[in-house]
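As they're listed, the protein sequences go chains A and B.
Residue numbering for the first sequence is 3 to 480, as defined by this note's numbering.
Residue numbering for the second sequence is 3 to 480, as defined by this note's numbering.
Because the hints were derived from the structure by calculation, they are not lab data.
Incorrect hints may have been included.
Identical copies go unnamed one by one, so any copy, or any two together, can satisfy a pair.
[Claimed, not checked] Here are the simulated PhoX-like pairs of lysine-lysine, each with C-alpha atoms no more than 25 Å apart in a straight line: (1) 327 / 60; (2) 309 / 297; (3) 316 / 59; (4) 60 / 309; (5) 59 / 327; (6) 53 / 327; (7) 59 / 311; (8) 122 / 23; (9) 311 / 60; (10) 11 / 478; (11) 145 / 388; (12) 419 / 478; (13) 387 / 53; (14) 23 / 327.
Please read all numbers here as calculations on a predicted model, not as lab measurements.
So the chains spell out like this:
Number of protein chains: 2
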Amino acid sequence: MARNITPRKENYSQWYLDVIKAAELADYAPVRGCMVIRPTGYSIWENVQAKFDAEFKKTGHVNAYFPLLIPYSFLRKEAEHVEGFAPECATVTHAGGEELEEPYAVRPTSETVIGYMYSKWIHSWRDLPVLINQWANVMRWEKRPRLFLRTSEFLWQEGHTAHETEQEAHEETLRMLEVYRRTIENELAIPVTAGEKTAGERFPGAVATYTCEAMMSDTRALQAGTSHFFGQNFAKAFEIQYQNREGELAYCWTTSWGVSTRLIGALIMVHSDDDGLIVPPRIAPVKAAILPISKDESVAANDILPKAKELSAKLDEELGGMFTKVDTDFHARPGDRFFAHLQRGVPLRLELGEKDIATGTVRIVRRDTGEKLDVKNEAVIPTVKKLLDDIQANMFERAKAFREANTHDAGSYDELKAIIEEKGGFVRAYFGGTPEDETRIREETGATPRCILPGDNRGKCIITGQDNARLTIFAKAY
Amino acid sequence: MARNITPRKENYSQWYLDVIKAAELADYAPVRGCMVIRPTGYSIWENVQAKFDAEFKKTGHVNAYFPLLIPYSFLRKEAEHVEGFAPECATVTHAGGEELEEPYAVRPTSETVIGYMYSKWIHSWRDLPVLINQWANVMRWEKRPRLFLRTSEFLWQEGHTAHETEQEAHEETLRMLEVYRRTIENELAIPVTAGEKTAGERFPGAVATYTCEAMMSDTRALQAGTSHFFGQNFAKAFEIQYQNREGELAYCWTTSWGVSTRLIGALIMVHSDDDGLIVPPRIAPVKAAILPISKDESVAANDILPKAKELSAKLDEELGGMFTKVDTDFHARPGDRFFAHLQRGVPLRLELGEKDIATGTVRIVRRDTGEKLDVKNEAVIPTVKKLLDDIQANMFERAKAFREANTHDAGSYDELKAIIEEKGGFVRAYFGGTPEDETRIREETGATPRCILPGDNRGKCIITGQDNARLTIFAKAY
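Please model the entire structure based on the sequences and the hints provided.
So, in C-alpha cells, the structure goes:
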C-alpha cells in the first residue's frame with residue numbers, strides 16, 4: 003500500500019498529483035495532454051452529473067446530442083469566438099481515407115453548431131424558449147496539462163438556450179448561475195462566490211459572463227462554473243430568427259452555461275489532506291467501508307464477514323442505494339486496509355473486530371476529523387446517517403472558514419500587490435478598469451479579477467481612481 | 003401539424019426517415035454523415051442507457067473514461083484490427099496551431115488504448131478481473147449515412163474486461179450477450195436471436211464474436227449488440243501481463259461488448275406504424291399524455307386543466323417518475339393535438355373533455371392498437387398501470403409473431419436464394435463454409451449469415467455438402 007503522498011506544505015502541485023494517484027482517480031493517457039478517468043474518479047463524476055442533471059430537469063431543461071466536429075467556417079461566423087478558440091482547436095483534416103474539402107475542428111464548445119441547428123428548428127415564438135443541455139467531451143489543446151484542471155480533452159455539460167426577450171435570457175443566465183452555486187455548495191460542499199466577470203475575463207462572444215469562484219486549500223482561486231448571456235450575438239451570426247407575437251421576424255436572445263470535470267479538481271484541492279482524498283458524503287460513491295478484521299484470516303472470513311454483509315445490506319437499504327462496501331482484503335494488514343479507504347476519501351470506516359463482536363459494538367471512524375466512536379450495534383444505523391450529515395456540513399463550514407480567513411481587503415493597488423505577494427488568497431478591492439488594466443495587474447502581481455461581488459458595493463477604483471467602481475475579488479487562479 | 007408520413011409499403015426507407023422527422027428524434031448535422039439527436043430521441047437514449055447501465059453494474063462492472071484520440075501506432079499493433087478500422091477513421095493531424103508529430107485517429111472503438119492502460123494497471127492476479135465499461139462517442143466515417151443506423155459519429159457503450167483464465171473470459175462474453183438479449187427483449191420489447199457470428203462476420207481481432215440479431219418490419223435483420231472474446235490477441239499486442247497464482251508472468255484473456263444508438267433505429271423499425279413512432283412503455287420518456295379538451299379555450303384552460311394536472315401528479319407518483327405530460331396546446335385543434343402524441347409514440351393518450359368531466363370518466367386511447375376505453379375516474383390509475391404492462395407485452399409478442407411468420411427453412415442453396423428473393427426474412431440453413439463462401443453468398447443473394455443458432459443443431463452444409471454444419475440464420479441486413 004503506497005502511502006507516499008507529498009505533504010501540501012512541501013510541494014502543493016506534487017501533493018495534488020499524489021492524491022489523484024493514491025485514490026486512483028485518473029491517469030495520464032498516451033495522448034498529449036489527455037487523461038483517463040479511472041473508475042473511482044468516474045463514479046464521483048457520475049454522482050456529480052446526476053446532481054446537476056436533476057437540477058437542470060427541474061428547471062425545465064432537456065438533454066440532446068450535437069456533433070463532435072464543427073466546420074471551421076462556423077467558428078469564423080462570430081469574430082471574438084473564433085479568435086478565442088481557434089488557436090486551441092484540434093483539427094480533423096482526413097477521414098475515410100480521403101482529405102476533407104473543409105477541415106473540421108473537434109468541438110472546443112458548441113455555440114456555433116447548436117446555433118446553426120436552432121436556426122433550423124425555431125420558427126415562431128411558440129417554439130421558444132428552447133432549453134437544451136448537452137453532456138459531452140470537448141477538446142482544447144493544452145500546452146501545460148494538469149489532471150482534471152487543464153486537459154486537452156475534458157467532459158462537461160453545456161446548456162444552450164434561446165429566448166423571446168432580452169430579460170428572459172438574462173434571467174436564465176442568472177437562474178443557471180444560481181443552480182450552479184446551490185449545487186456546488188450543497189452537494190460538493192464547496193463554498194463559492196457567484197458574480198459577474200470583468201470585461202477581460204468574458205467568454206469569447208459573450209455580452210456578460212457570470213462565474214462561481216472557489217478557493218482551493220493553497221488559497222488560489224478556481225473557476226467552478228460559468229453562465230453566459232450572449233445578447234443577440236450568436237443569433238445574428240447564425241440567423242436564429244423567429245416570428246414574434248406581432249408577426250414580425252426577430253432575433254432570439256441566447257445563453258450558454260457549463261460545468262466540467264474541473265469540478266473534481268476543485269473537490270480534491272478544497273477538501274483533501276496529507277493522507278489523501280476526502281469526498282463529501284452526498285457525492286461519495288462509497289459512503290461507508292465495512293471491514294471485518296481478525297488476526298486469523300478464517301475468523302474474519304467465516305465468522306465476521308456474514309455480520310459485515312448483514313450490516314452493509316441494512317445500511318444500503320436505509321441510505322437508498324449501494325453506498326456501502328465490504329472490504330474482504332483479508333490477506334492485507336489492517337493498517338494497509340484502513341489506508342486504502344482513507345486515501346480514496348471514503349467518509350466513514352466501520353471496523354468489525356473480534357472485540358467489537360464480543361462487546362456488541364462497531365468502531366466508526368470519520369474521514370474528515372479522524373474521530374473514532376465505539377457505537378452499540380442497535381445505534382449503528384442512525385449514527386451512520388447522522389455522521390454523514392455532520393461530515394457534509396463540517397466539510398462545507400471548514401472550507402468556508404478557510405476562505406474567510408484568507409480573504410482580505412485592499413484599499414490601494416500597492417496594498418493589493420503586497421497582500422497577493424505576502425499572503426495570497428482572495429483580495430477584495432474596488433475596480434473599474436479596462437481589460438488593459440487587468441492585463442497589467444496580472445503581469446505585475448500574477449492575480450486576475452475573479453468576479454465582481456454581487457450587490458451595490460461601489461467605491462473608488464484602486465487603478466483609475468474613478469468613483470463608482472465595483473467591489474471585485476482578485477486572486478491568483480488555476 | 004405534419005402528417006406526411008410515407009406508408010411503409012410505398013417506400014420503407016422514406017417511411018423510416020419520415021417517422022424520425024415527425025417524432026423529432028434526430029436531424030442531419032452540418033457535418034458529413036453526422037446526426038443531431040434531438041431531445042425526444044435523446045430522452046429515449048437516456049432511458050435505454052439507464053436500463054443497460056443498471057444491468058452492467060449488477061454484473062459487477064464499473065464505468066470509466068478513456069481518451070477520444072488514439073495514436074495510429076496503437077491501431078497497428080493488432081494486424082486485423084488496423085485493417086478493419088483504419089479505412090473508416092477520422093484523423094487529427096493538427097492541434098493547438100501546430101502539425102502533430104504523429105497523427106491521431108478519432109476512436110472508432112477503444113480496445114487499443116484501453117489495452118495500453120490495462121498493461122499499466124494490471125500487475126497481479128489480485129488485480130483481476132478488470133470489469134470496465136465506457137459510455138462514449140465514436141467515429142467511423144460513413145459513405146452512405148442513415149440516421150441512427152449508420153452515422154459517422156454515434157454514441158455507444160463499450161465494455162472491456164480482462165481475466166485470469168480463458169474460461170472466465172469466455173463466460174464473461176456469454177454473460178454480457180445474455181444481458182443484452184434480456185435487456186433488449188424486456189425493455190425495448192424487441193425479440194432477438196442470440197448466437198455466434200460466422201468467421202466472415204467477426205470483429206477485427208476477435209477469436210469469437212456473438213450477436214443479438216433482430217428482425218425489422220421489412221423483414222431485414224439488424225445487429226443490435228455484439229460481445230467479443232479476444233483470447234489473448236489484444237493482451238499480446240499490448241502486453242497485458244500479470245503475475246499468476248504460481249508467481250509466473252502470464253497474458254490476460256480479454257473481451258469487449260457494445261450496444262449503440264443503433265438500438266433506436268431498431269426500435270423505430272420494429273415497432274412503428276404508418277402513423278409514426280411507437281415507444282415501448284418501459285423506455286418511453288412520456289408514458290401517458292393528458293389532454294384537457296374543449297371547444298372553448300378558456301374552459302379547457304380554467305376548468306379542465308386543474309383536473310388534468312391533478313391526475314398527472316397522481317399518476318407520476320404511482321409510476322415513480324415524471325412520466326406523464328399535460329398537453330396545454332389549447333390553440334391547436336384536438337385532431338392535431340392527438341396526432342402530435344401519436345407521432346411521438348406516446349403509449350397512452352388520456353382525453354379529458356367536457357363530456358368526460360360530466361360523466362366522471364376519462365377516455366384512454368392505446369397507441370399500439372388504437373383501442374379506446376372510457377374509464378371511470380376511480381379506475382383510471384389501475385387501468386393506466388395495467389395498460390402500460392399490456393402494451394409492453396403486446397409489442398413484444400407482435401414483433402415475435404412477425405419474426406416467426408417471416409422465418410423460413412432452406413434445405414439447399416437454391417432454396418435459400420429463392421426465399422431471399424421472393425419472401426425475404428430470416429432463412430435457417432446448415433452452413434459450414436469459409437469466409438469466401440460467405441462473400442459469394444452475399445454477392446449472389448444480398449444476404450449474409452447473421453448468426454449461428456445456439457444448441458446442437460447440426461446437419462449437411464448447403465454450400466459444401468459437408469456434415470456437421472451448424473444451423474445458421476441468413477438474411478439481408480442493415
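Original post:
Can you tell me if residue 11 and residue 478 fall within 25 Å by alpha carbon in one copy, between copies, both or neither?
Top reply: within (18 Å within a copy, 67 Å between copies)
**OP:** Indicate which option fits the pair residue 316, residue 59 if close means a Cα-Cα distance not exceeding 25 Å: within, between, both or neither.
**Re:** between (31 Å within a copy, 19 Å between copies)
Original post:
At most 25 Å between C-alpha atoms: does residue 60 with residue 309 qualify within a copy, between copies, both, or neither?
Top reply: between (40 Å within a copy, 22 Å between copies)
Original post:
25 Å Cα cut-off: does residue 53 pair with residue 327 within a copy, between copies, both or neither?
Top reply: both (22 Å within a copy, 23 Å between copies)
**OP:** Could you figure out if residue 309 and residue 297 sit no more than 25 Å apart (CA to CA) within one copy, between two copies, both or neither?
**Re:** Cα proximity of residue 309 and residue 297: one copy only (17 Å, versus 66 Å across).
Original post:
What label fits residue 311 with residue 60 when the C-alpha limit is 25 Å: within, between, both, or neither?
Top reply: between (36 Å within a copy, 17 Å between copies)
Subject >> Alpha-carbon proximity between residue 145 and residue 388, which holds within one copy, between copies, both or neither at 25 Å >> reply: Intra 45 Å, inter 59 Å, cutoff 25 Å: neither.
Subject >> Intra- versus inter-copy proximity for residue 311 and residue 59 (alpha-carbon distance at most 25 Å) >> reply: between (36 Å within a copy, 18 Å between copies)
**OP:** Have a look at residue 387 and residue 53 and pick one of within, between, both or neither, based on CA distance no larger than 25 Å.
**Re:** For residue 387 and residue 53, only the intra-copy Cα distance (20 Å) is at most 25 Å; the inter-copy one is 29 Å.
Original post:
For residue 23 vs residue 327, is the C-alpha pair at or below 25 Å within one copy, between two copies, both, or neither?
Top reply: Close inside one copy (21 Å), not across copies (47 Å); limit 25 Å.
**OP:** Since the copies are identical, ignore which copy is meant and state whether residue 327 and residue 60 lie within 25 Å (CA to CA) inside a copy, between copies, both or neither.
**Re:** between (31 Å within a copy, 14 Å between copies)
**OP:** Since the copies are identical, ignore which copy is meant and state whether residue 59 and residue 327 lie within 25 Å (CA to CA) inside a copy, between copies, both or neither.
**Re:** between (31 Å within a copy, 14 Å between copies)
Comparing the model with each numbered hint stated earlier shows that hint 11 is the single one that does not hold.
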